[in-house]
Every structure is written in C-alpha cells, then in structure tokens.
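Q: First to last, the protein sequences are chains A and B.
So the first sequence is residues 1 to 352, counted in the working numbering.
So the second sequence is residues 353 to 822, counted in the working numbering.
Some hints could be false.
Label-pair distances were calculated between CB atoms; the ranges are [stated by the list, open to error]: (1) A:Arg200 <-> B:Arg473: 58 to 64 Å; (2) B:Arg773 <-> A:Ser252: 41 to 47 Å; (3) B:Gly807 <-> A:Tyr35: 34 to 40 Å; (4) B:Ala457 <-> A:Gln295: 42 to 48 Å; (5) A:Lys53 <-> B:Phe703: 37 to 43 Å; (6) B:Ala457 <-> A:Ser87: 46 to 52 Å; (7) B:Glu461 <-> A:Lys205: 33 to 39 Å.
These are computed hints drawn from the structure, not numbers from a lab.
None of these values were measured; they are calculated from a predicted model.
From the three backbone atoms N, C-alpha and C, an ideal C-beta is built for every residue, glycine too.
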Amino acid sequence: MKLYSSLVLVSFLGLLVITVGLFLTIIIRRAIVQYREREFAVRYREIEVELLKLLGEPGVDRALALADRYAKFPHVLTDVLLNYARSLWGGERAKLSAIFDRALRPRFRSDLSSRRIVRRLRAARLIGFFADQADEAVIQGLLRDPPIVRLAAANAIAQSPSTEAVPIIFRAFETDDVANAHAYKNVFFSLQLRAENGIREALRKSLELEKIEILIEIVGAIPIIALAEDVAAFAGHSDKEIRLRVAQTLGSLRLPDMLPVLLRLARDEAWEVVAQAIKSLGRLGRSEALDVLTQALFSRQWHVRYNAREGLLNMGEAGIARLEQVAGQTLDRYAADMAAMGLVDAASKGGA
Amino acid sequence: MKPGVLALLNIFTQGILVYFLLVNAIYMLFVVMSAFGILRHFRWTRFLQTQEIFSSPMSKPISIIVPAFNEESGIVESVRSLLSLEYPQFEIIVVNDGSTDTTLAQLVENFGLKPVRRIYRKVLESKPIRGIYTSSEYPSLVLVDKVNGGKADALNAGLNIARYPLFCAIDGDSLLDRDSLLRVVRPFLEDPDRVKAVGGVIRLSNGCLIRSGQTVCLRLPKNSLARFQILEYFRAFLGGRMGMSMLRSMIIVSGAFGIFRKDIALACGGYNPNAIGEDLDLVVRIRRHCYRKKIPHRIVFVPDPICWTEAPERWRVLARQRGRWQRGLLQTFLFYGRMVFNPRYGRVGMFALPFYLLFELLGPIIEILGYLTFVLLIFWHKVDYPFAFLFFIVSVVLGTLLSISSIFLEELSSKRYPRFRDIFILGAYSVLENLYYRQFLSLVRAKAFLDYFRGRNVWGAMEKKGFERT
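Chain B with its partners taken away, still in its complex shape:
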C-alpha cells in the first residue's frame, strides 16, 4: 500500500472523528434548547385553558385536508376521530386520490355521503376531480374524489375546495388528539401577523388502543422495529424540531400534521406535485417567499398537540419509507441549493439548510464511508484495535445518551407511557438501536442517493394494519 493512500485515509479518519464530535455536539445543543423550550411551554400553558381559545373570536376557522390513497384500513376511524375534534369552526376535506381499494366506498357508506355539484375556484392546478360528496348528517365533511396525482396534487385539490383561512394537512392514516387543534392554533392567536405555519408532535400509534376515535396509549408495541421508531420520533420531534424552533430555524412542518395560513401557501403556488417531500418543499418555499418579499414571518413548533400515526413494522417497508424521505431531502437541496449559506435567507440560509445538508443529507454517506474505511484498514492491518473498540463504545454511549435525553424530553412533556416498565424497555432499546438499527438506516439513506440519480423515485406502497380498537 502506498504511504500517500494511508496518509489520506488517516486524514479522512480524523475528519470523521471531528464530524462525529460536531454532529453530536449540535444534537446535544438541540436537546438542551428543547428542554428549556418544553419546560417554558408547559409552565406557561399550564395556566391557559383551551376553552378560552374555543370561545375566542380570534380563533380562525380551519380546513382539515386529508389526502387518502388506498387507506381503507384506517380512513373511517381517522375521519371519525377528526369529526370529534374540539374546535369552534372547521371543515374536513377528504381527498380520495384515485384509490384502487375500497377507500371511497367505505367513506360513502359510513358517512352517508352523496354526490353534489359544488362550486370551487381552481387556484392551484390538480388532476381532474371526478366528484364531490357531502353528507346532511355530517355537514362539516366533504369528500373529493379525483384522478390519482400523488399526495401533493391531492392536497392542492383540497386547497382549492377549502373555505377557511387556515388549513391543516394530515395523513389519511393519522388520528388527532381531541384538543390538538385548540393547542396548535395558539401561536396564530398570539402572533397572527407573523406566524405562517405551526407544526405539532407526531407520535406512533403502534401498540396503542383506539377508544371513541381517540388514541389511548397504554403500552409500548411488541414489535421491536416500532419501538426503535418511537425513540426516533422522540428525538426528531421533541429534540430536533423543538430545538430548531427555539433557534427560529424550522424548515420542516410534518406532512402528517401541520397548520398553515392558506394565503401564504397559495401565494407560494401550493404544494409542488413534483416534490418527493412535499411538506419540506412547501415550508422551504414559504421561507424563501417571505425572505424575498421581506415579510416578517415565524414558523413554530408546539410540543403538546399530538397526532398519532402508524409506523411500519417490517424492515422492507421501513427502508422504502426512509429512502423516500431521504430522496425528498436530496431533491429539496437540488431545488433550493442557492439558499444554502446565502445570508439573504437569514437563519434558514445560514444555519438550518447547512445543518440539514451537512448532517442529515450527507451524514449517512459519511457514516458508510467511515465503515468502508475501517474495513480497508483491517484489510491492510492498520487498525489500532483497542482505540477502535473504545471509539465504538463511546459512539454507542453517545447515541444512547441522545436517546435517553429524548426520553427525558418526553417525560417533561406528555408522559404518555404510564408504566415504569416501558421506560426501562425504551432505555434498553436506546442501547440496542446503536448496534444495528442506526447502521441499517444509514445504509438505506445512503442508497437513496443512488436511487434518486437512477430515477427510481416511486412512492412505494405502505403496509398498514389499521388501528386497534377497544
């Protein structure tokens, strides 16, 4: 082996060490910021009653848009849960995006929906609408049946029909806590001019029970993959999003549950049907629009309104989902690369986008390259095994610390798992996930690059069990 190659490998290895330290330091900073944010939020809101928001004349009506493609397993339960929401004025627009299963039939049958001729203004382009259905029994429910065009296209169709100044985009397989809207709308009341979008917490319903359209979380799921994802969601929402919100750098409002001002979404051209991650794409465009037009704006994360969604319980399905998310992230940087490190876009250009680029997008590639380098060094007998072993266990402990911190954040916020046993199980999974789960995800996310450039950008089917009822 040439000494030059070895020197290069050494430099690369040291670079990875620095990267490793940097990424973990930033994640720990997020955890600390989030802990402050969550504590402050819950201290302040402890004295506020959602009933005041309910009776406030300032509460703006909300259109809830639910795009549904082959959601027969959970759509009826999901709509029932939405109908029981506490909010002064709202409408539910379910957009059946050309489902090939019984989604449409189930909705029509369960809610007594009938076709009507309804006028709407086609502000955003979308695939043709085949029919609009309403029900005299549920006047706030509208079903739009359209030709399949993807999630973004369905959301645009829903936006064309929506009547209210705020809209909430949620997935067809999601359930909202009864007072979620009252909680998530609070930033719009406190700062109506500047707040353009608000995101809430997404949690996994696997292992939970559904009672009267509401999720009652009593236990952890038995499936280990779902348990890993529970920890991941804690980290992502209570750690990452809350931290980003504290730093006023939010660029993701999850497509599964987020509220937007309709006027700003329309001004930005609505959802982009060509975007793989339509939620991220919309928020970045809103940010870009506001910075370019010098519109004061805030995009906020609120840690207590909760939306429940089902996580994949099979490795293959999980890989498909994460591959799609990673391709969405990559595409966003290809679309909006000019915003990165551009001071014109404030904190978003100088911090949020570079963060996502360096640590979320490139992270898996750097990690995989690190493993490959290690294999090469083994092959060339250049590994300092005691050091490598120590480094490995430090990385495991650091990963565990981040996950335990996210459990701590969960304890500060909602404490949904009442049993001590669940905390111990999550603690054990915090260690386990560093041994194979994280590596698996890095591999999947790195492969997403290849898939994207090979043009493999299909959405892929998600397998769902549906909600477990009591």
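One chain only, chain A, in its complex shape:
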C-alpha cells in the first residue's frame, strides 16, 4: 500500500504542477494575444491612414516609402493590401502592387513553395491580386494541394485570371480525382463567360461522368447560352444523372430553341428526368408546352405533378385555365387536388 501511496503522491504533485502551469499559460497567453491584437489594430490604422493619403497622389514614391516603413509588419501590411486590393483598380491598384513588390514579394514567393500548408494557404489568398508570370508553375502546384488550399488558390486565380491561367484550371480539373471535382464549381462560376472555351473543350473529351455532370451544371449556373447545343448533345446519354443535369441546365438557359429537346426529355424513362424536364418547360413558359404540362398533372409521381402545377402557374392565364380544367375533372383525384392547390396558391399570391 505504501508503494501505491507514494505513486499517488507523486501523481498528485505532478498533476498539480501541470494544472497550475496550464492555468497560468491561459492567463499569460490571453495577455499576449490581447496585446498583439491591440498592436495589430493600431498598426493597421496607421497604415490605412497613410495609404488613403497616398492613393490620391501621382507617382509611387510615397507608396515605396510606406512599404519600407512597414515591411517589418508583414501580416498587417498583407491584410491592408488584401482588403484594399478588392476594391481598387488601375493606377491605384498599381500602387498596392508596388508596395507588395517592395515589402512582401520575397516572403510571398517563399510562402508559395513552403512545406507548411498554412503558409501556402496564406500565399494562395494573394495570388489573384499580386502573382505574376514567374509564379505560374508554383501556382499550378497549389491546385494539387489539399482541398482547402486548392479551393483558395483556384478561387484566387479565378478572381483575376490571366489568359494562361484558365487552361491551367481546366487541365487541373480534368486530371484531378473525381472526389475533388466539386471544388472546381466555385472556380468555374467565378470565371463566368471566360469558362466557355474550357467547358466546350472539356465536354468533348471522355471525362468521368461526375465531371461531365459538373460541367453541364455550371453551364446553367453561369449561364453560358453559347454552350446550349453542346449540352443538348448529352440529352440522349445513357446515364440518368447526366440527362437530369441536361434538363436542369436547358431550363436555366431558357432558350426557345431547346423546347424540342426538353419535350423529348419529358418523355424519359426515368421519372426524375421527367420531373426536371417538366420544371424546365414551366420555366420556359412557352405555350407549346401547355399540353405536356397538363398531361404531367396526371403523372403517378408527386414531383412530376407538382412541377407541372408550378409550370402551369408560370404560364399566366392559359396555364390557370388548364389548372381549372383539371381541378374540375373527377377521373383522377390526385391530379384534381394538385390543380386545385395550385389555384389556391395563385389566388393567395394575387395571380388568379
């Protein structure tokens, strides 16, 4: 028992020291963090005031002087530059670049190729505003980093992409794992119409199904009308998910020319595709689709009936008339109920 008691006594003393030490660490750490935060805020205000003064002036001399003065506070300076770079363009942005080149570029370069993820992530935030041609190879490397860095890098590239950067993004997308493919949606969306050629070329390659789905989806999300034909070419694809995305995207593009494709998809064997095609037909709002939408009210699938109802409501008086017609019939109670609810909805929104 004596051995036990000694062990317990030693444990007690050890634990007591650790506990008190940890508590003191909390207090000291908090004091240091608060001091640093205060210092950061003071320094940030100082830099900001000087930056605002020099922004209206010609030349970059004062900008370079500012860079020299605050080069020893890289974190604060980076924050100020990033915050202002988002809202400044042209000559004023050039002053920020001058400050960056003078005070931060060497650090930025070493961060870009650092082994530490946090430093690469920090550098990735600056790419969009301050990277130049010389950094291209390293940036491409970031697109193979863990998701969080890749997303940040790709986002940054997409914010102000050079003509060389767009193909890099698509090459990375094509060669990356399918599991990472979703991360690119954000990037493609940020590229907006600049993504057109890249998507067109990618759609012509034999990529994994998930990647094709993403590309088709993004055409509708941006939207890129010029790619409607390329998307429609997938309407007969054997994969249900792809046909579903085609129906969705063609609805988002709202092109009357795509009506025949959507009408064909509205007769698809998979009810999910039919439901989506009916929804898209409703969004198109063309009178040629009235019969198909009315017929869809009698579908056995709730989603198809619901989308048909919404589509008819979207078609104004002609659609309301069809809803009234179906609500009045007694052959199919489900269709009648769905139509009646649509009419109530229309009345409550002042549409009837």
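Position chain B relative to chain A; hints supplied.
A: What follows is chain B alone, placed relative to chain A:
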C-alpha cells in the same frame, strides 16, 4: 466479515482504480487531439472569408427546422435571430408541437402569419397537421401547427414540409450566431459527397445579453449551477466532440444545432418518435445505414459556428434534463447494441460506441458503486485513510486539470468571455465541481437506469427565463 467478500471488494477497488486511470487518459487524449484540431481549424479558416461561401454557387440552400413546445418565453426572439442569419438561401420552418401556452399566438401576432393551404409530401409519419401559416412580410418563414407528438415527431413534420437538400435542426429556445450557417456548411462544400452531417458548438446563453437578435456574451452568469454547466459544455463540445471528430468517430450531433443532408435522413426513416435522444438515434442510424450500404461518409464537428441555448438554473430541472439524456443513451444501446464491438461498423462499432458504453453510460454506475464500496470499507474498518485521502485529492486535481484544459481549448477557439476575472472564476469552479456537482450528476445519471426500466420515460418540463435583452 468473510475474507472472500473482502478479497472481492479489493479486486473491485483495484478495478475502479484502473477504470479511473483509463477514463481520464482517454479524456486527456481527446483534449490533446482537440487542441490540434482547433488550432488547425482556426489557422486554416483564418484565411477563408465567409463571404466567399455566401456567394458560392456550391452553397446548398438550407431548411431550418425549429420544433417548439411551450416555448413562449424565447420563441419570438429565436425566430428573429434566425431571420437575421447570413446565408444565401434558407427557409425557417417552426413546428408548433401542440403547445398549450401562447407559442402559436405569439408567432402569428409577431410575424403577421396567415393560414394557407400548402401542398407537401408526407414522406415521414407524423401526428396530424392542424394548419400551415406563412407571412407576406417574412417569405422565408413557415409555421406548422400540429398535434403534440414529441420533438422527433415535430422534426419529421418539418422534414415533410422542408424544400431544401440540407436541413438544420435547432431547438426553439436557441439562438444562432449570424454567420453560423456559413461556417457550419463549409464541410459540405469541401467534401459534398461524403459529408452527411455537421455539428457545431453549443454554448450557454445564461448571463449573456441579446442585442438585435444576437447573443453578446459579456459576462458569466451569477448562478453557480449555470457556471458549472458552462465548464461542462466546454468539455463536451471542445474536448469530447472535437476529439471524436478528429478520430472520425462522431456519433452525436446535438439536437440543438446540427446540419444534415435531407436525403440521407429520409433514407434512414427520419427521426424516431420512440427515441428519447432523437439526435443521437438519428446519427447512429445514419452511420449504420452508410456502413451497411457501404456508402463513404463523414460526420464532422466544426468548432466555430455557435448556437446559444439556455441552461437550467435549478437542481431539480437539471436532474430531469440529465436523466433524460442518460435514458436516451441507454435506449440507444438497447436499440443498436449489435453494433458495439462489431467490426462491420468500422470505428463507430469498434471505438465510438464502446467508448460511450463503457465511460458515458456505465461511468456513473461504476462511480456510485465505488462510493458505496468506500462506505462499506469504512463500516468494516478496512480503509487506508491516508491513501483514500490522497486518491481523493488526485481525482479532484485530475478533474480540475480536465476542466482547465477545456478552458484552454475555449481560449484557442473563440474567447467569448473577455474579462480576466471570468477566467479566474471558471478556474475556481473547475475545482469546486469535483466536490459536489460531479457526484450529483453521477447520482442522477445512475438513477436514470432505474427510471428507464420502471418505465418513467416522460420528457419533463423545462423552466426557462427567456433571453435577457438590451
């Protein structure tokens, strides 16, 4: 006294010592893992702006489901807070679960709600819906009035009405930080296929002030019971859940604040109305479903999105709440016992469930048995008092160390209590809680076993003061 009995008691005492060492070692491991996880999370997210998530086309819309039963004291404030959330697209579905107070009237009056006929698909069974209300002033708000059927039933009714692919279940007495959704949704953006559910931090609003529907935490509550619970929540969320998440073994996403993919919840049959702990039950079923169907999945904890909720400030109410949680845990093991130590269920079967079984479910019973053994040994004059005293103070210091560690984790994450004084008060309560609070909870949790097997499984009323406004 027979020597055989004494020998048995000795073996039991030594077993308790080993158990004590094991449980504390695992909790310390969690603290260390959590510290790494929190540091990594905040280092990485320091460079990410929630605004990017706000404008991302990948951000999926969210249905927020708020089951409310007799929540008149805080429901209006809670809904106001939800309406002011920053998120690109969301709807709020408040399900009035047959409240007998003025919950329904307050909602209708404060938000100009009017009854409508709305089509919905009854995918999950729930008690009949008496009415659906919407407001032209707040188009994203839907109120569902239904017959009382319990929290799980109300959540199922909300799921039937929900339109969006993600849903967030929160309690009617909770408030979310304005950017909570933007933060909690991040894992769904980074890994959209595998992430099935995400949990955030729950913190106690006692002592905090509400300004424009947002919690401004300036001070600790005066009530000592609430202070003990603050420490407990630090330990549970920043220590336990974060540690479990790091070990990819999360099986609890708190019912007060968690986001789920709707398709997976529906595939598992939604919430189980017969479950006492419906949140734990759903997550375990999602895990079981994914393992059985070989679906790659992740359930993640994110340490910075915060949901505020009110803690009980009376011993009796606290006992009722903790008894219910313990009965929920017990019921989960009775329902899903076959998953324990079953390699088919991966880390959940081989680590998470055994951990909860041995340390969370059986822990209080073993602790109470330890106290009883001690009393017996006193009665038989077989106690080595110096050793017992030393052991007692070691256990107090170890308990204190765990609580201080959780304060440290809080310091690494959000630092919501700005005054140094609050840290000292929490430090003092870290010691105090080992002297009577922990024992009280063990007793309550051990009693929950008896209540469960006697069939005393009522939810019990919670007394709430409501939020303090500025």
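Q: Decide, hint by hint, whether the structure agrees.
A: Hint check results:
no. : hint                              : verdict
1   : A:Arg200 <-> B:Arg473: 58 to 64 Å : violated, 39 Å
2   : B:Arg773 <-> A:Ser252: 41 to 47 Å : violated, 57 Å
3   : B:Gly807 <-> A:Tyr35: 34 to 40 Å  : violated, 59 Å
4   : B:Ala457 <-> A:Gln295: 42 to 48 Å : holds, 45 Å
5   : A:Lys53 <-> B:Phe703: 37 to 43 Å  : violated, 60 Å
6   : B:Ala457 <-> A:Ser87: 46 to 52 Å  : holds, 48 Å
7   : B:Glu461 <-> A:Lys205: 33 to 39 Å : violated, 60 Å
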